[in-house]
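Residue numbers (my numbering), protein chains in the order written: chain A, 883 to 1318; chain B, 1105 to 1513.
Quick caveat, the hints were computed from the structure, so don't treat them as lab data.
A few of these clues could be false.
Stated by the list, open to error - Subject to a maximum C-alpha distance of 20 Å in a straight line, what follows is the list of computed SDA-like cross-link-like pairs (lysine to any residue):
(1) A:K1178 - B:K1405
(2) A:K1080 - A:S1138
(3) B:K1405 - A:G1300
(4) A:K1178 - B:A1418
(5) A:K1187 - B:E1493
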Amino acid sequence: MIRVIRVAAVGIALLTTACKAQEKHHAFVGARLIPIVGDEIENGVLVVKNGKITHVGRAGEVSIPTGAQRIDAGGKTIMPGLVDTHNHIGGIGGGDGSGPIQPDVRIYDSLNALSSGFKRAVAGGLTTLNIMPGSGHLLSGQTVYVKLRGGKTVEDLFIQDTAGKPTGGIKMANGTNSQRDKPFPGTRGKSAALVREKYVKAQEYREKITRADGDPEKKPDRDIGLEALVEVLEGKRIVHHHTHRHDDIMTVIRLSKEFGFRVVLHHVSEGWKVADEIAQAGVPCSVILVDSPGGKLEAINLLFKTGGILEKAGVNVAFHTDDWITDSRVFFRSAALAVRAGMSRAAALRALTLAGAEMMDLSDRVGSLEAGKDADFVLLGGDPFSVYTKVLETWVEGEKVFDRSDPKDYLYAVGGYGAGEDQSPYLCCYDHRENN
Amino acid sequence: MRSFDKTVLFMTLAGLALTSFPALAQVAVRGETIHTMAGPAITNGVVLIRNGKITAIGQAANVAIPTGFLTIDARVVTPGLIDTHTVVGLTGIYNHKHDQDQLERSAPIQPELHAVDAYNAHEKLIAWVRSFGVTTVHTGHAPGELISGQTMIVKTTGNTVDDAMLSDVAALAATLSPMAQKREKGKSPGTRGKMMAMMRAQFIKALEYRQKREKAEEDKKPARDLKLEALGRVLDKELPLMVTANRVQDIANVLRLAREFDIRIWLDGAAESYLMVDEIKAAAVPVLIHPSMARAWGEYKNMSFETAAKLVRAGIPVAMQSGYESYVPKTRVVLFEAAIYAANGMTFSEALASITIDAARILGIDSRVGSLEVGKDGDLAMYDGDPFEYTSHCTGTIIEGKIVSDRVR
Chain A
883 MIRVIRVAAV
893 GIALLTTACK
903 AQEKHHAFVG
913 ARLIPIVGDE
923 IENGVLVVKN
933 GKITHVGRAG
943 EVSIPTGAQR
953 IDAGGKTIMP
963 GLVDTHNHIG
973 GIGGGDGSGP
983 IQPDVRIYDS
993 LNALSSGFKR
1003 AVAGGLTTLN
1013 IMPGSGHLLS
1023 GQTVYVKLRG
1033 GKTVEDLFIQ
1043 DTAGKPTGGI
1053 KMANGTNSQR
1063 DKPFPGTRGK
1073 SAALVREKYV
1083 KAQEYREKIT
1093 RADGDPEKKP
1103 DRDIGLEALV
1113 EVLEGKRIVH
1123 HHTHRHDDIM
1133 TVIRLSKEFG
1143 FRVVLHHVSE
1153 GWKVADEIAQ
1163 AGVPCSVILV
1173 DSPGGKLEAI
1183 NLLFKTGGIL
1193 EKAGVNVAFH
1203 TDDWITDSRV
1213 FFRSAALAVR
1223 AGMSRAAALR
1233 ALTLAGAEMM
1243 DLSDRVGSLE
1253 AGKDADFVLL
1263 GGDPFSVYTK
1273 VLETWVEGEK
1283 VFDRSDPKDY
1293 LYAVGGYGAG
1303 EDQSPYLCCY
1313 DHRENN
Chain B
1105 MRSFDKTVLF
1115 MTLAGLALTS
1125 FPALAQVAVR
1135 GETIHTMAGP
1145 AITNGVVLIR
1155 NGKITAIGQA
1165 ANVAIPTGFL
1175 TIDARVVTPG
1185 LIDTHTVVGL
1195 TGIYNHKHDQ
1205 DQLERSAPIQ
1215 PELHAVDAYN
1225 AHEKLIAWVR
1235 SFGVTTVHTG
1245 HAPGELISGQ
1255 TMIVKTTGNT
1265 VDDAMLSDVA
1275 ALAATLSPMA
1285 QKREKGKSPG
1295 TRGKMMAMMR
1305 AQFIKALEYR
1315 QKREKAEEDK
1325 KPARDLKLEA
1335 LGRVLDKELP
1345 LMVTANRVQD
1355 IANVLRLARE
1365 FDIRIWLDGA
1375 AESYLMVDEI
1385 KAAAVPVLIH
1395 PSMARAWGEY
1405 KNMSFETAAK
1415 LVRAGIPVAM
1425 QSGYESYVPK
1435 TRVVLFEAAI
1445 YAANGMTFSE
1455 ALASITIDAA
1465 RILGIDSRVG
1475 SLEVGKDGDL
1485 AMYDGDPFEY
1495 TSHCTGTIIE
1505 GKIVSDRVR
């Protein structure tokens, strides 16, 4: 025990020194920059300070501020950290078997921040995630938007709004996944009817609150499920909607118009069949790519070309991992396969970053390399769409959260014995792994 | 360049419609790079295929294309790809009861089942993998029961299983991993120990059966037992036992079983085999490595993108498989799985060999397929760039001289 304490003291001393030396002010010089907004820059400079991007530009045009630690990034490519609009890591569980619509359930109450999945995610270049409950319900709960800062609890990962509240959307689904035995619906018609009924309740609830005009005597009893749906009706909470078949896609659009909620269509396997209709409705799509069609009837027409077709129709397109469906470490691959099938390179890069940020109302903070935005970025060894390219480093809010040259991080990047275990929490003076 | 290739292929196929099909028996494929897998790659080469077999291969300057041959141009040509363990044809795209024949769950030991009796040559997933260059698959039973049946090797073409057949019985499929454990109370096997006990008892029974059949008087021979006959073929080393095992203790069990009964093994999955390199090498066991993009949880939780490279460097024969998927993607594509291994320690040649010639050697079909050599089957795949690159396309697939895929994918 005494030995541990002494080691602790040394550790603290080192840590303090390290923090002072860094001052959290870095200039990355010489990399190819893919800012997403604006053209790629062959020989660029990226300056980040205290968690924010301060300068992005060509070498020679951006002066490196005094006090900034200069990091030679020659031969590397830097682009924004990837934004994954649909992810299930963290050992999460949403609504239970008691009913098909459970807006009261918050996914973050089930999240294990020490899951090894988060280490794999930063190894894949992901920095911002929408963590969602599953698709076995019409509405399986509230999603949470997180930053992969590292940390022991979900509180360390929250992206907070200006009032300090955690941000997130709501997860809905239609089609066959949410059709189950009672009390779940058995048909598509019933599915839509149950959703409609619930949103009507939410409208009435909102009206009661409005009519009460702040009078506690007249206010309805609190209903935490309806409260979440009122946020949806008011556009404060975006609906992230699992949907595959073309007719299911149109049903989502119909319901969103009827109740005026903001929606992102997720998966959209048959989106290519109704691309113009989706474009006309102005609804964004978060597309999944998997290596073959099928696995269920509604996904037999899933194709690599969906992203490209939606792009050409004028739809805002993002991709998602749906991790564990696709391992977060190969998220770049999803966009690359879309390029293989006809999507433009620019749109595919945007689909991994800024488009996703827009679908989570986070585009003022993440998704591009622009002064004033969060310093979330990845250093790549080569072209983002090459199988041979490695994510070398991942930075979140000016802190390095993944370094391929660090053996501890490398283990999660490629896998190996122990990579499947939860991460060791960072404690200042006690290495969980060494002492176990 | 890419659009040029597409145009060429399109023109070729347009021409195809005008000619009669038998003309396809004579095909010339011109490749900017031809990876023969039987020597160094050929730059600006030609492969001639007549009546389904390769009749000439070499540099364009040395191989004249006879008149009457349909000529196809490609940037990169490889042998037709081989998937050493899949379930396509038994598993179907819909994932409904009616198209899921990859695993019989009524009993843990059913070696008498034949993949050939369950193969749907029209299955869409076969056409899907074919469109990425896969021409030969070792297909059959999915992991999940202790001994689940006899696998087979087919070409990814044909109207019936007989048309597609390369080897009607290739291996006996087995599982020594938690996937084969029963969770229900009172059902066996429920533990690793029980799995091994049941497996050993079954092989001992097969040994005794074989002795009795060989030595007993004609009228005292035991009645034929299809289960024990199948196991007997494994004991005779006529068939390998393909055993799925991923955790280190499960791999050790497989090797122990092989020693006790002196049987041939194909180690399937092998996620933690990087811990067992010396032992696997000493046992001369080839590895059908799990898909690189398998999900890193359960018995795959410690899987590594670098395992294939580590095994190959140690001199262990390694081949790729698409494996079995219960949900989405309904099948993986062995080309994509090899690509991730190619980017994580394997050389380009090692990775390509693991889906061509090395795969053919492990499966024992290298006299027919796996490399582009005179006398071998005219099976090849064409690409418009490095086949492993995400953004390259497969521009066509040929099996025994016939174009079986004309999509640019």
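Verification of the hints:
Of the supplied pair hints, the one linking A:K1178 and B:K1405 is violated, its CA atoms being roughly 26 Å apart against a limit of 20 Å. Annotation: proposed proximity of A:K1080 to A:S1138 holds, straight-line Cα distance about 13 Å (limit 20 Å). Of the pairs offered as hints, the one joining B:K1405 and A:G1300 holds, with about 8 Å between alpha carbons and a cut-off of 20 Å not exceeded. Restraint check: the Cα-Cα separation between A:K1178 and B:A1418 comes to about 41 Å, which exceeds 20 Å; the hinted pair is violated.
Restraint check: the Cα-Cα separation between A:K1187 and B:E1493 comes to about 17 Å, which is no more than 20 Å; the hinted pair holds.
Figure legend: structure checked against the earlier numbered hints; hints not met, in rising order: 1, 4.
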